[in-house]
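Top line first, the protein sequences correspond to chains A and B.
Under our numbering, the first residue of the first sequence is numbered 1, with each subsequent residue one higher.
Under our numbering, the first residue of the second sequence is numbered 309, with each subsequent residue one higher.
Each hint should be verified, as a subset may be incorrect.
Calculated lysine-lysine pairs in the DSS-like style (CA-CA distance at most 25 Å, straight line) [as the list claims (entries may be wrong)]:
| no. | chain 1 | residue 1 | chain 2 | residue 2 |
| --- | --- | --- | --- | --- |
| 1 | A | K158 | B | K550 |
| 2 | A | K158 | B | K568 |
| 3 | B | K739 | B | K593 |
| 4 | B | K436 | B | K408 |
Here chain B is said to cover these stretches of chain A; the calculated rule only asks that three of the stretch's residues, wherever they fall, bring their Cβ under 8 Å from a Cβ of chain B [said to hold, decoys possible]:
| no. | stretch |
| --- | --- |
| 5 | 37-44 |
| 6 | 78-85 |
| 7 | 145-153 |
| 8 | 163-176 |
| 9 | 259-270 |
In case anyone wonders, no lab produced these hints; they're calculated from the structure.
Small disclaimer: the values here were computed from a predicted structure and weren't measured.
We treat Cβ as the ideally placed atom computed from N, Cα and C, and that holds for glycine.
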Amino acid sequence: MTRYFIRRLLFIIPTLLGVSIIVFLIRYLIPGDPARLVAGPDATLQDVEIIRAEYGLDRPLPVQYVSWLGNLMHGDLGRSTRMHRPVTEELGRAIPATIELTLAAIVIAVLVGMGAGIIAGVRRNSIFDYSSMVVALLGVCTPPFWLGLMLMLVFAVKLDLFPTVGRGGVDHLILPAVTLGVQAMAIIARVTRSSMLEVLNMDYIRTAYAKGLTAHAVIIRHAVKNAFIPVITVIGLEFGYLLAGAVVTETVFAYPGLGWLLVQSIAFRDYPVVQGALLLLAFQFAFVNLLVDVIYGFLDPRISYGTQ
Amino acid sequence: MKAIKFVSVLFLAVLLVGLTGVGCGGVGAPQPEKVITIGQYADGVSLDPQNTNDNASYSIEKPMLEGLLGFNEKMEQIPQLAEKWDASPDAKVFTFYLRKGVKFHDGTPFNAAAVKANFDRVRNPDNKLRRYTLFQQISQIDVVDEYTVKFTLSEPFGAMIATFAHPAGGINSPTAVAKLGKDYEKSPVGTGPYKFLEWVPGDHLTMVKNPDYWDPQNAAKVDKIIVKPVPEVGTRIAMLQKGDAQFLNNVVPAQADTVKGDTNLNLVANEAIYTFWIAMNTQKKPFDNVKVRQALNYAIDKDAIIKTLLRGYGKPADSPLAPRVWGYSSVKVYPYDPAKAKALLAEAGYPNGFKSVLRGGEATDAKEMMVALQSQLKQVGVEVEVKSLDAATLTAERFKPVAENNCEMEYAGWSPSTGDADWGIRPLLTKPNWPPTNFNIAFYTNPKVEDLVKAALGTSDPAKRKAAYAEAQQIIMEDAPWVFLYVNNTMGGSRSNVGGIAIQPDGIGFYRSVSYK
Numbered sequence: 001m002t003r004y005f006i007r008r009l010l011f012i013i014p015t016l017l018g019v020s021i022i023v024f025l026i027r028y029l030i031p032g033d034p035a036r037l038v039a040g041p042d043a044t045l046q047d048v049e050i051i052r053a054e055y056g057l058d059r060p061l062p063v064q065y066v067s068w069l070g071n072l073m074h075g076d077l078g079r080s081t082r083m084h085r086p087v088t089e090e091l092g093r094a095i096p097a098t099i100e101l102t103l104a105a106i107v108i109a110v111l112v113g114m115g116a117g118i119i120a121g122v123r124r125n126s127i128f129d130y131s132s133m134v135v136a137l138l139g140v141c142t143p144p145f146w147l148g149l150m151l152m153l154v155f156a157v158k159l160d161l162f163p164t165v166g167r168g169g170v171d172h173l174i175l176p177a178v179t180l181g182v183q184a185m186a187i188i189a190r191v192t193r194s195s196m197l198e199v200l201n202m203d204y205i206r207t208a209y210a211k212g213l214t215a216h217a218v219i220i221r222h223a224v225k226n227a228f229i230p231v232i233t234v235i236g237l238e239f240g241y242l243l244a245g246a247v248v249t250e251t252v253f254a255y256p257g258l259g260w261l262l263v264q265s266i267a268f269r270d271y272p273v274v275q276g277a278l279l280l281l282a283f284q285f286a287f288v289n290l291l292v293d294v295i296y297g298f299l300d301p302r303i304s305y306g307t308q
Numbered sequence: 309m310k311a312i313k314f315v316s317v318l319f320l321a322v323l324l325v326g327l328t329g330v331g332c333g334g335v336g337a338p339q340p341e342k343v344i345t346i347g348q349y350a351d352g353v354s355l356d357p358q359n360t361n362d363n364a365s366y367s368i369e370k371p372m373l374e375g376l377l378g379f380n381e382k383m384e385q386i387p388q389l390a391e392k393w394d395a396s397p398d399a400k401v402f403t404f405y406l407r408k409g410v411k412f413h414d415g416t417p418f419n420a421a422a423v424k425a426n427f428d429r430v431r432n433p434d435n436k437l438r439r440y441t442l443f444q445q446i447s448q449i450d451v452v453d454e455y456t457v458k459f460t461l462s463e464p465f466g467a468m469i470a471t472f473a474h475p476a477g478g479i480n481s482p483t484a485v486a487k488l489g490k491d492y493e494k495s496p497v498g499t500g501p502y503k504f505l506e507w508v509p510g511d512h513l514t515m516v517k518n519p520d521y522w523d524p525q526n527a528a529k530v531d532k533i534i535v536k537p538v539p540e541v542g543t544r545i546a547m548l549q550k551g552d553a554q555f556l557n558n559v560v561p562a563q564a565d566t567v568k569g570d571t572n573l574n575l576v577a578n579e580a581i582y583t584f585w586i587a588m589n590t591q592k593k594p595f596d597n598v599k600v601r602q603a604l605n606y607a608i609d610k611d612a613i614i615k616t617l618l619r620g621y622g623k624p625a626d627s628p629l630a631p632r633v634w635g636y637s638s639v640k641v642y643p644y645d646p647a648k649a650k651a652l653l654a655e656a657g658y659p660n661g662f663k664s665v666l667r668g669g670e671a672t673d674a675k676e677m678m679v680a681l682q683s684q685l686k687q688v689g690v691e692v693e694v695k696s697l698d699a700a701t702l703t704a705e706r707f708k709p710v711a712e713n714n715c716e717m718e719y720a721g722w723s724p725s726t727g728d729a730d731w732g733i734r735p736l737l738t739k740p741n742w743p744p745t746n747f748n749i750a751f752y753t754n755p756k757v758e759d760l761v762k763a764a765l766g767t768s769d770p771a772k773r774k775a776a777y778a779e780a781q782q783i784i785m786e787d788a789p790w791v792f793l794y795v796n797n798t799m800g801g802s803r804s805n806v807g808g809i810a811i812q813p814d815g816i817g818f819y820r821s822v823s824y825k
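Full structure from sequences and hints, please.
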């Protein structure tokens, strides 16, 4: 298992290399001059050239790439062309905010989604089942932009229960986490329900009841554990997606996270930040998938990695 | 069923935990401290005026850093750290008589040596500061005595006084600059009514009252100003309605009614120095014919656009410059006359109109504007395809040199950040400023205008400069390289119990005199 884990971890490195090359190549394809964008339309050509030279943007692309790679080995991701600050500092500030928001969203999504999915699966075709699945459908379809603003208007402005924007204590986290988590919650609920239905039909469940176990023990100790496997896949994928996809929520709630930073950097062609952020996201995604696979190994004794 | 009960309880527990978040954090006894929170559309990038080229950063710097001169909320030049000044008639030597008894926030005395150190820093190309070119014509700075400083330029530049009033002329404490080096731009030290406390980029910036400010009449009226970056305008409005912010920079015309309709809120509209227009590529057919260009000017119903899209907050452009720009003179508004437009087009050889492409930005109000313009142009037979491009692509396209440039009709606006006619005309309407050098996307040139602009820079006599610019504006309106559209308003939103705060005509926040009524 450990060898498997380490091997998978090492495979992430060529993946990241590939991602960084692609991002560098995109500069050839996308119009937009980082130096001019930073200087503004107000600036003279001379101003623009000064900025270009300062960031080494006048060198040929392959040279810039090799230089960037070399700096990466020293842990230096370069400096943001837009913000004048080291990329590591920009990312270092944005990441905790995004992780905080994503974890909160996932916790809400898993607890509420799985809870609803389990009950819906056990109480199949009941009112709870139908209504919760309709709510789940609405959750998937609702644009987070609209939902975020609506929640803000109702709970923060009209009812004055939460603050409107920014990062701070738990109260600042609730509305954005709900906005972000709604879609994941809906998907998790549906997958949990289907998985529960499948498992509850299995022979070993009937055997468990026949043995005289209470419904409580059967469901919690046997059904959920087995139903969990497809659900954990979904949770892993959603987590990776949420880490990158929090852009809209972060914009609406002025939450200073990675998604917002990435979008702004793309708009300004702030390539050092874009490269750094995409590298980070690629790593996170690959790593989370790796963790999910490892957890499989623990959950399902039929699965084993490495040599027997 | 126990299992169901178990899961339901868990379900409810999550909900309850969520609700306990309500009201946590920030709850405490009411504070006697007066705090103003401002919701700004973007965070600052740098707090060093010499390394800044965005309005969001300037808005934050202005309460803390002052220049020899400044602008008031009407864009008029006012003395700040200089009490008076002289200019030589050939516009090459400028002498400033400084205010006495002023100290920087770190206690360093403000004097001629500090001014010299400040401007030597920005005009030194080795420091690679973003605002280098604004001050590069200074060839020498002399400390005449402790409170008199003399600037000598390498060539005449009549608009130099306006350059010193520009926010980039903010004066930094030389002690702080020497101590912090490259990190100075994260924690500035100036002479203003507020001083810097802390900055968590992306989250908030705090400045506090400077109790030793040199002008007790205009001292800080609140204890703390907090600026929060809030990119989404809907969110900013929610903040203001709730009271999480007391002022917004900014509000868009579409939100004007929401703010006005709420008795707790005020709309703070201020006539801007932005002129909006459609540049026509005068080097390409059919825009090389002045009759075509004038025809399009008659084809636009500016009053209708201002009334509907700007909600009445604007006025038709009667000059390439806005009225509050120093050197503006009113020439004429092209009246809305579609019949005349068609007649002119026919005279020019286009009786059935022609096809073209109108390009502009992606913002909702820009798109709405272009669609309105498109439908008005159609009435006179000119069919334009509207293209909305993202800022980076649009800029890249517009700054291509003339041989490769595809500009036909470009919807844009401009404000001369020095508030002076020179920066409102030269970068947009003279040949040395054809792209890629600067923003003359109409590729316009007229030898008489070039001479007048040069003459106006070659003297420091305000009367002579104004006369030159007046004549230039006249010629430009006749030549019509642009379809002249409108001058808009800067718009801020405030709580009704807050005053003394606005957005200047140049789009930079005017926060220093904010107070609770």
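Do the hints match the structure? See the list:
With a CA separation close to 8 Å, the supplied pair K158 (chain A) and K550 (chain B) stays within the 25 Å bound. Taking the CA atoms of K158 (chain A) and K568 (chain B), the gap is near 18 Å; set against the 25 Å cutoff, the hint holds. About 19 Å separates the Cα atoms of K739 (chain B) and K593 (chain B), which keeps this hinted pair within 25 Å; it holds. Taken as a hint, the K436 (chain B) and K408 (chain B) pair is broken in the structure, with Cα atoms around 31 Å apart against an allowance of 25 Å.
Remark: the stretch 37-44 of chain A is confirmed as covered by chain B, as 8 of its residues place a Cβ nearer than 8 Å to a Cβ of that chain, reaching the required three. For the stretch 78-85 of chain A, the stated coverage by chain B holds: 4 residues have a C-beta nearer than 8 Å to a C-beta of that chain, and at least 3 were required. A stretch counts as covered by a chain when three or more of its residues have a beta carbon under 8 Å from one of that chain; for the stretch 145-153 of chain A and chain B the count is 3, and the coverage holds. Remark: the stretch 163-176 of chain A is confirmed as covered by chain B, as 12 of its residues place a Cβ nearer than 8 Å to a Cβ of that chain, reaching the required three.
Under a criterion of three residues with beta carbons nearer than 8 Å to beta carbons of chain B, the stated coverage of the stretch 259-270 of chain A is upheld, 5 such residues being counted.
Violation of the numbered hints given earlier is confined to hint 4; every other hint is satisfied by the structure.
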